[in-house]
Each structure stands twice: as structure tokens, then as C-alpha cells.
Amino acid sequence: MKELPFAITLEVGSSLANRTGSWRVERPVYVDRLPPCNDACPAGENIQQWLYLAEDGSYEAAWRRIMAENPLPAVMGRACFHPCETACNRAQVDEAVGINELERFLGDRALAEGWAVAAPEPASGSRVLVVGSGPGGLSAAYHLRLLGHDVVVAESSPEPGGMMRYGIPTYRLPRHIVHGEIRRIQALGVTIECGRRVDDLDAAMEDGHFDAAFLAIGAQRSKHIDIPAGDSARMVSALDLLHRAQEPDRPSIGRRVVVYGGGDTAMDAARTARRLGAADAVVVYRRTRDRMPAHEEELRDAVEEGVRLKWLSTIVGDEDGSLTIERMALDDHGFPQPTGEFETLEADALVLAVGQAADLTLVRSLPEIAVHGEVIEVGPDMMTARPGVFAGGDVVAGARTLTDAVGHGKKAARAIDAWLRGEAPASGARHALAGFDRLNTWYYADAPQAQRPRLDAARRASTFDEVVAGLDESTALFEARRCLSCGNCFQCDNCFGVCPDNAVLKVEEGHGYSFDYDFCKGCGLCVQECPCGAIEMVPEEI
Amino acid sequence: MAPVRFYQVGSFAVGNRLVDRSERTVQSDAGRSNSLTSGHRACQGCGEALGARYALDAAMRATGGRLVAVNATGCLEVFSTPYPETSWQIAWLHSLFANAPAVATGVAAALRVKGRSDIRVVSQAGDGGAVDIGFGCLSGMFERNDDVLFICYDNEAYMNTGVQRSGATPPAARTATTEAVGPHPGNVFGQGKNLPEIAMAHRIPYVATATVADLHDLEDKVSRAMAVHGSRYLHILVPCPLGWGSASSDTVRVARLATQTGLFPVFEAERGRVVRVTPIRRLAPVEDYLRIQGRFRHLFDPEGAVAQPGVVAALQSMADATIARYGLLAGAEAEPRQGTGTGTEAAS
Amino acid sequence: MALCRPEVICAYPISPQTHIIEALSEFVKRGALAPCEFVNAESEFAAMSVAIGASAAGARAFTATASQGLLFMMEAVYNASGLGFPVVMTLANRAVGAPINIWNDHSDAMAARDAGWVQLFAQSVQEAADLHLQAFRLAEELSGPVMVCMDGFVLTHATERVDLPSQQAVDAFLPPYEPRQVLDPDAPYSIGAMVGPEAFEEVRYLAHARQLAAVERIAEIGSEFAEAFGRDSGGLVHSYRSADAEVVVVAMGSVLGTIKEVVDAQRAGGARIGALGVTSFRPFPLDAVRQALGGARRVVVLEKSVSVGFGGVLSTDVALALNGLAVPVSTVVAGLGGRPITESALRSVLEAAQGGRLEKLTFLDLKHELVARELERMAARRRSGPSAENMLRDLGIVGAGG
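One line per chain: the protein sequences are A, B and C, in this order.
Note that the numbering used here has the first sequence beginning at 12, numbered continuously upward.
Note that the numbering used here has the second sequence beginning at 47, numbered continuously upward.
Note that the numbering used here has the third sequence beginning at 378, numbered continuously upward.
Since the hints were derived computationally from the structure, they do not count as laboratory data.
Errors might be hidden in some of the hints.
[Unchecked claim] Label pairs and their calculated CB-CB ranges: (1) A/Asp43 with B/Leu375: 23 to 31 Å; (2) B/Gly238 with C/Glu575: 37 to 45 Å; (3) B/Leu375 with C/Glu575: 34 to 42 Å; (4) A/Leu15 with C/His396: 54 to 62 Å; (5) B/Gly161 with C/Gly607: 33 to 41 Å; (6) B/Glu225 with C/Glu575: 52 to 60 Å; (7) C/Ala535 with B/Gly276: 57 to 65 Å; (8) B/Pro331 with C/Ile477: 39 to 47 Å; (9) B/Leu375 with A/Pro459: 14 to 22 Å; (10) C/Asp664 with A/Leu15: 25 to 33 Å; (11) A/Glu519 with B/Gly356: 33 to 41 Å; (12) B/Gly276 with A/Ser485: 41 to 49 Å.
[What the hints assert, rightly or not] Partial chain B-side listing against chain C, Cβ under 7 Å, derived: (13) Gly110; (14) Arg112; (15) Leu113; (16) Val114; (17) Val124; (18) Thr132; (19) Trp134; (20) Trp138; (21) Leu139; (22) Leu142; (23) Val149; (24) Phe181; (25) Cys183; (26) Pro251; (27) Ile338; (28) Leu375.
As the structure is a prediction and not an experimental result, all values here were calculated from the model.
We put the CB at the ideal spot given by N, CA and C, even for glycine.
Produce the complete structure using the sequences and hints provided.
What follows is the structure, given as C-alpha cells:
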């Protein structure tokens, strides 16, 4: 080495001796926050994580991430009303990420590729009886099976699937999809006994040597209302109609059909009526559109298909194929009140879609299980007052959706597993929510939601073919990449780049970062410029 | 499958695991040269430290490490090389405040004579060293078309000496020599000294502006500058938390707002002609920019209402005029940047 | 100069330096100096800065200037020495304004006295040429800049027969530049750190020590030069007939030619008189000067500059060299702004010196009446107005109106 002039000329990089970290009063730390989609998912899916995997085309890994929580992605990708998208922070930028359609894309791909979940040997020695093969029952059976238990599902209907099979029209949920996903659960070693109705739980458990039971019997009984002078021959329940529409010889229903109710089932019934040949399908609902429980998309699809809606109307009489309708008005509390104004509506058939209830015959033989109204009372771990008997899905209080049922099934399975092992169910602490204000949305590329191709509305009245098509791979990839990854690092390198003190280190390429607190001055730039809010400043202890 | 040219954060973030490594920034590379390394004594959130590392790392990449740098006196020099420690990891020379362009000329001439044309020269200064005291040397360097990339890190005042006004200080800004007192608080309204445009008037091969808020753009410009010979000028806006009275965490944000309000146009010029502008992506009113800086605090009352509507309106007019002059809104809708490296066309 | 194989030449034109750079630019343009770059700087400040940069990048760098130019580049002059770059600069000595004046004196060189440069003064065109060879050799050995001072017009514009050595001989004397520190991506350093109170004094002391070491090297290089080229050029000082002299005139630069003639004439008249030419003004060779002057009874320092408010500049150094010896030193300020130093004026000063009548400080050929009138006017009115104009009015050059 040359002899350098004293003091004037310095060896490069010698400032590393100056530990500027001592200037710091706050330190940045990496955090994982709860993305709103995950927070909103009734099935408890880690949506952000599987989107992260899907973003780079790791579809199978993404699917497996879904499968850790939900065994029915192809079904849920069609039938779920996706509260995740309602919660999605991207909706405040442009449009929510199309999580639901991505789930369907992954679910369909799994079916097409025959991806399977490895079946463990029954290791626990415990046997669990699941009553009902709807989404809740199947979810519980799947998770229990993965936890090493021997599971038998008793289903009273000829085919498994519950509402997936009998309640949701095929144009929304094709049957081969339902069958495909159920077969995959069966392939794990879950036994489904169809046509087996369980009325005596004790006997069933004793006969089958079951150690625990999960009741997922659903709400399959349509509620009825009395209409004066009603001609019961022309009246049909919505569930009945939907069920019969699945049969090879479909019922004929007449040219003018009135559906009474305002929920998703009412929409399904009206749309099904159109497909069964009704020239005029009218939904009569006593309140207004904004108070209607049906989901916006269902309503939109119904209207597209020519379904008419009559708001603020109740049916008060039925004579000679002519319905008497009374106009209603909302009072100050938003309740409909009669106005005394009447009109008539011609109808060949009246479909009642005024709600469903559970058939609680089974639990009547178990006096310790409390029934409140129409639902079974369960604890936070889904267990009834009868030790070892758990319940979930539509038969317990809460939102009655397929996805909630899947969530109940998973939760119950974990609780049953804990109970069988004599442990308390694990309660995972939830991370703080990754709200929109945590994001720096500047960094996300502008991109509105990909639109899924839809079947032409004019064709829909004559076919039960699926209305909404799936994404192709390029649109799926596009959609996955719209994810903002709220609250969870997605390796964008911003913190690594924007640190003026080079105090962010890459742990290993693609596997996160760490702070070099020897040099970090605590300026907070990394926090401010993190797109997804996965860093926060905490005060130094001085 | 058609290639998906959409990458979540596209080319806005520093890196992007979804795109090929070659399309990510130099800064995203764990093996970047860190021309300016840790342990320097810049303030927390220093925009100049950030800008200098961005620019020089990009230049190092562009030249395959065959780079020497000349530095004017100023913050960057003082915080990087107080005896006995230097933060530089490249061959670096500091001579004086005003002469960085001329020293670089000498270096370039020597390298040419020595047959070391593989080694490229970057010269750098703050706005004082470029716009004011070093202006004569810089103009001479431009006029001779010496083979030097000159980078001005513009933080709009003499920060090293305690925030005094420079020729690059914007109107109404408070500095230690333009205090927020009297009937016209802050710096005077004038025509300012637009060094990028003055550089263009020399018809040198390449002039560009950039900020620390758009790394891809900045790096593109450095590599484009290093792809040509002759005098090149890069003017980088580098917010100074101390002098601007902005939060240390807001350095990038305030630079971004400078561009999104139209106050600071981001463009490229070749031989005196503007050839590309970086369009405004999310137009913001100048108020958004002014409010987060202490140097403009006197324009607002303690409750946050505009106390000097005339001044704010005048600054807005300046921004509007700049937007119109450079066409900063044209094409913003037509060509949203979402892929990588698509903000500007490839160098010809 | 051209024989020294300069690699980067940079300059800004100023009288009376222009002949030098014009010729060099032509050489470069013709390719006679290849590889060599000629940079037309936009100011002297830039010119010195270019030289700093070139030197930092390992090139042999040269510039030339004068007077105002030197002062304009002064910040960079200090910087070159502070950073230890072996730049060689020709200073075509010229007066410093105001009033603006393009003619020769040494005010410019004296202004750079403490800048940390070696300053060598040439007595003749030949010596100027020879000193440049030695300057590069010295600068590059020391890693410090050297200024070759030659009197503006008197030497810069003189046509003299000059013996130019062969390129081969020059190359043998002056090896290629091997920089002590160089900007190199393969061996990067940070050159030009900020140095605080903890080390600044040491840095300055080391610069001083380097200059002291240069005293020895200047003498040695001068000897080597004499050996190689057969000419006694350079070195620290040149004595002329001073061995037994009672009165010795000390001076720098071309005026020594005139002084030698007067010395010869006076010697012919029996006066024991001699001369001492100081070649190395910085570093100032105290010992050599003391040795050369120690035997004299009286010393007259004739200098082309004045430290306003004090007197001589060179005289102060000479007096210090004679510290402790009973040798009175008189200062004769002469030749300011190009005023001719005539043999007769010199003769009378030296006669006064021999007679012990020479004052401590004399302004040669001063127009006493004129300055007396102006002083009177200044005393009468506190605000005198522009003195130069008044004097010109006295001389009848400017009209008395207004």
C-alpha cells in the first residue's frame, strides 16, 4: 500500500467505525398485521398468504394454503359471498381484489390437476360422528381426518353436500364441482353414509363407538306463512323448488311466478323459475331494495335475467290465481307498515322464500342441549352442553352462509381434537388490523379488477349452465397481483432501498429483512415508505 | 399464456420479487456497491445521503465499477468524510466548494491522456455548489463538453452552514437569511435560477431531473447519462428534513409531492431539447406539499387554515405554469406506468 | 516546458502569460506533446482546479498565470498544496491592482508566499526553462506544487538564445510521474477529508516539514541539473562576486542582470560590492542566505513588491537569516508596476549604501513631490477622493475640470 497523506486521505469505508445507531430514539421493527380480508373471512382463510403464493404462479402452494383452512375452494370460489372483498383495502384505491374468483381458479385447477391432500393414518384412535354432509359437516370431517381421527359422516339425503347439493342452483354451482371436492374429502378416508338419518344420537354413537359428535344438520326446512284463502296446490317452498330443479325431470311451474321474500334464496328461486319456463318472475318483498338481505350480485343477476321486483309489498290474499298485494310504507324505524292500498297480481305459482329453519328432531332426545328459538346453543368452542357433542353451521346462531359453516366446521374440528386429547382449545392471538391508513398506496400499480366473462343474459333463461366463467391464467395472475398484501411484507425492497443509512439488511434474498441497529438512526423512512404497513416505530428504552 | 405485464407494485417500489432481477433497481440488489456506506453523519432521513447513494450506485453499476467521483464542499462532503472516517467506498476527491466541475474536467482530461477511457467521472455538488458558487466552473465544463456527469443534489438552500438562502431556494420559503418576518415573509418571488434549463441552453448531450421519490426513474437517468459521453447534467431533488422542517420520515413523501404538485418537473433533455417527461400520476394541490414543511409554516395559521392565500395561490400558479410548460399531465391517463421500466422509453 | 512531457495543460489567458500558453496550445494541437490535453479554462480558478483534478488522476499537470489571475485562483492554489498535488505553474510576475497594471513586479508572487507552494525565481529566460525541468522533478518528489516565477514581459516576452536540452537528456533527468495518491477505482481512497482541530495542526506541521526538506532537495536537484546539463541553474541562491563584498545586494528575478552590471561597474571602481540572487523564495533557505551574507558589512534588499504598511517582504526573510549578526539590512522597493530599474538609480542607491547613507526603506525613483502634494491634500481633507486621479491630474494627464 502506498503511504497516504496524513488525515487528508482516508481508507474507504472507515466510517463503519461510527455507530450512528446511538442517535436513535425510536426503532423500526417488522410486524405482521392482520389483513382485512383474513379478518373478514368466516372460514378463517389466510387470504393474503395464498394470494402471495399465487402472485408468482405458485398455484399449487396457494391452493394448499387455502386447503389448510378450507377444503372446498372450488365451491367457495363460486358460492361464497366474499366478505373478504367487501373488507378489501384495495376497494378504497380502485376495486377490491377478486379474491373469490381466484379461489375458484385455484379450486378448479386443483380439480383439473387432481391435486390431493396427503391422508394421514388414523393415529388418534378416536372416532367422530358428523351428522350432516353440508359444508359445515364436511369441513369438520376433513379437519378431523387431517388431525388423525376416524370420521364417519351421516347424511340423510341420497347424496352428500347439503345445501351445496340441493340448495344452490347449478347455474351458480355446478354439481361436478361439488362432487369433485367431496370426493377429495372422501379420498382422505372420510366415510360418508348417505340415506342415513340420525334421530337418536346416543344410539348412533354407541353403535358406532364414536367418542364425539358434530351436529351440522343445517336449516333445511322452509318456513311457511299463512295466506288467507291460499291455494296450497299452487304454493311451493323455495327450497323445495330449488331441490326439485336438480332432479332429472324438472318440474313445470307455470308462466307467471311470484316469489315472496327478499333473501338470496328468493333470488335463486326467481332465477330458477325463469329457467323452468316462467315468462314472468316477480319477487315481492315488503321492504325496500337497500334493506333487502339478498346480496347485490344475486339481485343484479336476477334483474339481468328479467326478474321483476316489487318493493314495499305484502301478499295478503290469494284467490283464483290472483294475489292481493298491499302496499307498505316504512315507518320512522324502517319497519314496513300497511297503507291500506291494494292491488292484484296474477300468478300461476307462489314460491315462498321467507326463511329456513333447522329440523331439531335429533336434539329433542338430548334434553341437556339447550335450544333457543330455532338454534342450538353452543359455547365459544362450538360444544353443546352435552360433553363431546358439538354443533355448527346453520343450526347454531350466527350468519347462515356456506363459508360460516366451513369456518364452524374447522373450529369445531380443532375443538373436538383438543377435547379428545383433554386439552383446552388453542386460542390464537389476533394481530392488529392492517387498516387502509397503514398503507402507502402510491407504490401499487394502477389496475382495476379483472372482469370475469359472464354468460349472455338472454341465454340464461333457458339453461342451468354456469353464469360466471372462471379466470384464465393470465387474468388470475393479474388479479392475484392486485393484492396490496396489507400488513404483511411482500419483499418489495422499499425499506432496503430507502434507508439513507444502509441499515436494512436482507436476511436472505426473498426471505425478509432485518434492521442493523448499529447504524439505524431511527428516521422512520422505512415505515413511511413501506407500501403495506409491515413496519412500525417503537420507542427506544433510554 | 399471454405474458402478464402487471406486477403488483410494478416499477414503483425499489424491488419486486415478481420481475426478473435485471428489471429491479440497483438499490434492490443486496450486492449493490453502497458507494456511500453506513456510519456517515448525515441527519436522520437525509435526502442527499439517499440521493447520492442512489445515483452513485447506479453509476457504479452502469460503469462496471469503473468510476471516480469529485465532490464539492457541502453537506455531502462534510457528513461523509470527517477525519478519520470516510463513508465513501469509491475513489473520491474533494477539492473546494466552487470547483468540482473543473476538477472533474481535469480528472477526465488526465484519464484520456492516460488511456484510461474505461474509467468514468462523476462530479457532484449541492445546489450551492452548482447553482451559485460553482456555476461558473459548471458552465465552463458544459461549454467545453467535458466528459463528466455532473450531479446537483438540490435541497434548495445552504444546509451545511445552517439553512441560508441559495439561488435554488423557492419563493416564500423560510431560510435563516429569508426569515418569515415582515410583510413578505420568506424568500422573495423571482424567476429563480433554473439550472437544468440553463444546462440545456449549453446544448450538452444530456440533461435530466429526478427525485429521491422515484428510484427507477433516477436510476434510468443515471444509466442513460453514463451511456453517452460529453457533459451531462443530472439535477436531483433531495429534501432536507432539517432545512425544510419536514419529518425525517417524510423525505421521500415530500419529494413525491414536489413532483405531483407540478412544482418540480421531472424530465430529460437531449442537446437542449426536452425529449421525455415523467407525467404526474396523482395530481396534488401545492398546499399538500407546503403544509408538511416547516419552511412554509408561516403560510398557514396555527389552526391550519391558509393565512397567506395570495402566496399559496402564487405558488399554485407557478406549479400550474410548470405543468403546462412541460406537459406534465399530458399522457398521464394514456400511459399509466405499471410494468417495469416502462416509465420511459429505452435510450436510443 | 514542452520537454517536460506535461500531460494536462490548462490555462486562462492573462497578460503577460499569454505567450506561454499560446505556444503550448499550438504544440498540443499539432500533436507535438502527445499524449497531452490542453484545456481552455473559463477562469484561473478553473484552470488551477483542472490541474488539481488532472494531478489527482495521475497526470503531470501544468498551468500558468499572473497577477489578478493568481489571486483569482488563490483558493485553489492553497488547495493544491494542501492536498499535496505536484502541479507546476509558471507565474509571469505582474503587479496586482487596483489600479490595474499589466507590468512586471513581484506583488503577485508575494501574495502567494504562504500558500504552501515552492516558489522559484528565474533570473533569465534560460534559467526559467531550466527551472521548469527542476520544478517537475521537485514537485513530484515532494508531492507538492511548485511555482516558477519569471518576470512578466522582461523574461516572458524576451527573445534570448536558449539552450534547449535534448528530450533524451530531459527524460533521464525527469522520470515519469509516479503519484503518491491517485484516483483509481482499483485502489479507491477518499482524498480531501475534512480535518478538525484534532489533526489540523499536525497536517500543517507536516506541510512545513516537507518544505524544509525541499530546501535540501532544491540544492541537490540544482547540482544534478548542473551535472547533467552543464549549467548552473536552480539551486537555492546564487552569489555574484560577494565573497569579499562589504555591501551585497539581494534580489530575485531578472533585475539581477542589471544589478550584476552595476556590481561589475562599481567593482571596476574599486568598490567591494557583490550580489546575491535568491532562487528559492519558498522554502526560504535561511542557512544559505546567512552563509552568503554573513561576511558583508551591509545588505541591501532590492525587491519588486511592498508589504503595504510595513515595507519589504524579502527583506524580512533576509533580516531573519542574519539574525544575531550586526549586518544592517536596507530595503529598496523598486520596479513596481513595471517602472524601469535603471543602472543609474541602482548606482546611486548602492553608493548611498556604501556610504552608510541608505535609509532602512527606500522607494527607488519615487516622485517625491507628487506624493507629498497628495499627502498634503489627504491631510487637508479627510476624504481625499481618488488618489490615482489626483496624481494624474498633477501630472497633467487628466484635465482639472469636474
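Evaluation of the provided hints:
Taking the beta carbon of each, A/Asp43 and B/Leu375 are about 39 Å apart, not inside 23 to 31 Å as hinted. In this structure the supplied range 37 to 45 Å holds for B/Gly238 paired with C/Glu575, their Cβ-Cβ distance being about 41 Å. Checking the proposed 34 to 42 Å range against B/Leu375 and C/Glu575 shows it is violated: the Cβ atoms sit about 55 Å from each other. Distance hint check: the CB atoms of A/Leu15 and C/His396 are about 39 Å apart, inconsistent with the given range 54 to 62 Å.
Checking the proposed 33 to 41 Å range against B/Gly161 and C/Gly607 shows it holds: the Cβ atoms sit about 36 Å from each other. Separation of B/Glu225 from C/Glu575 is about 35 Å and departs from the stated range, judged on CB atoms against 52 to 60 Å. In this structure the supplied range 57 to 65 Å is violated for C/Ala535 paired with B/Gly276, their Cβ-Cβ distance being about 41 Å. Our hint of 39 to 47 Å for B/Pro331 and C/Ile477 is violated, since their Cβ atoms are close to 55 Å apart.
Taking 14 to 22 Å as the suggested C-beta distance range, the pair B/Leu375 and A/Pro459 conforms, at roughly 21 Å. Roughly 31 Å separates the CB atoms of C/Asp664 and A/Leu15, a value that falls within the hinted 25 to 33 Å. Between A/Glu519 and B/Gly356 the beta carbons are some 56 Å apart, a value that contradicts the proposed interval 33 to 41 Å. Range check, B/Gly276 to A/Ser485: Cβ separation about 44 Å, and the 41 to 49 Å hint holds.
Given hint, B/Gly110 at the interface with chain C, is violated; its Cβ is 9 Å from that chain's nearest Cβ, farther than 7 Å. Hint on B/Arg112 holds. Least Cβ distance to chain C is approximately 5 Å, under the 7 Å limit. Hint status for B/Leu113 relative to chain C: holds, with the closest Cβ pair at about 6 Å, below 7 Å. For B/Val114, the interface hint holds, since its Cβ comes within 7 Å of a Cβ in chain C; the closest pair sits about 4 Å apart.
The beta carbon of B/Val124 comes within 6 Å of a beta carbon in chain C, closer than 7 Å, and the hint placing it at the interface holds. The criterion of a C-beta within 7 Å of any C-beta in chain C is met by B/Thr132, whose closest approach is roughly 4 Å, and the hint holds. Hint status for B/Trp134: holds, given a least beta-carbon distance of 5 Å to chain C, under 7 Å. Given hint, B/Trp138 at the interface with chain C, holds; its Cβ is 5 Å from that chain's nearest Cβ, closer than 7 Å.
At a threshold of 7 Å, the smallest CB-CB gap from B/Leu139 to chain C is about 5 Å, leaving the interface hint in force. Nearest Cβ of chain C to the Cβ of B/Leu142: about 5 Å, under the 7 Å cut. The hint holds. Evaluation of the B/Val149 hint against chain C yields a held restraint, the C-beta minimum of about 4 Å falling below 7 Å. Using the Cβ-Cβ criterion of 7 Å, the hint placing B/Phe181 at the interface with chain C is not satisfied: the shortest such distance is roughly 11 Å.
With a least beta-carbon distance of about 5 Å to chain C, the hint placing B/Cys183 at the interface is held under the 7 Å criterion. For B/Pro251, the interface hint is violated, since its Cβ never comes within 7 Å of a Cβ in chain C; the closest pair sits about 19 Å apart. Annotation: B/Ile338 was flagged as interfacial toward chain C, and the flag is violated, the nearest CB pair being 32 Å apart, outside 7 Å. With its C-beta approaching chain C no nearer than about 39 Å, B/Leu375 sits outside the 7 Å limit, and its interface hint is violated.
Violation of the numbered hints given earlier is confined to hints 1, 3, 4, 6, 7, 8, 11, 13, 24, 26, 27 and 28; the remaining hints are satisfied by the structure.
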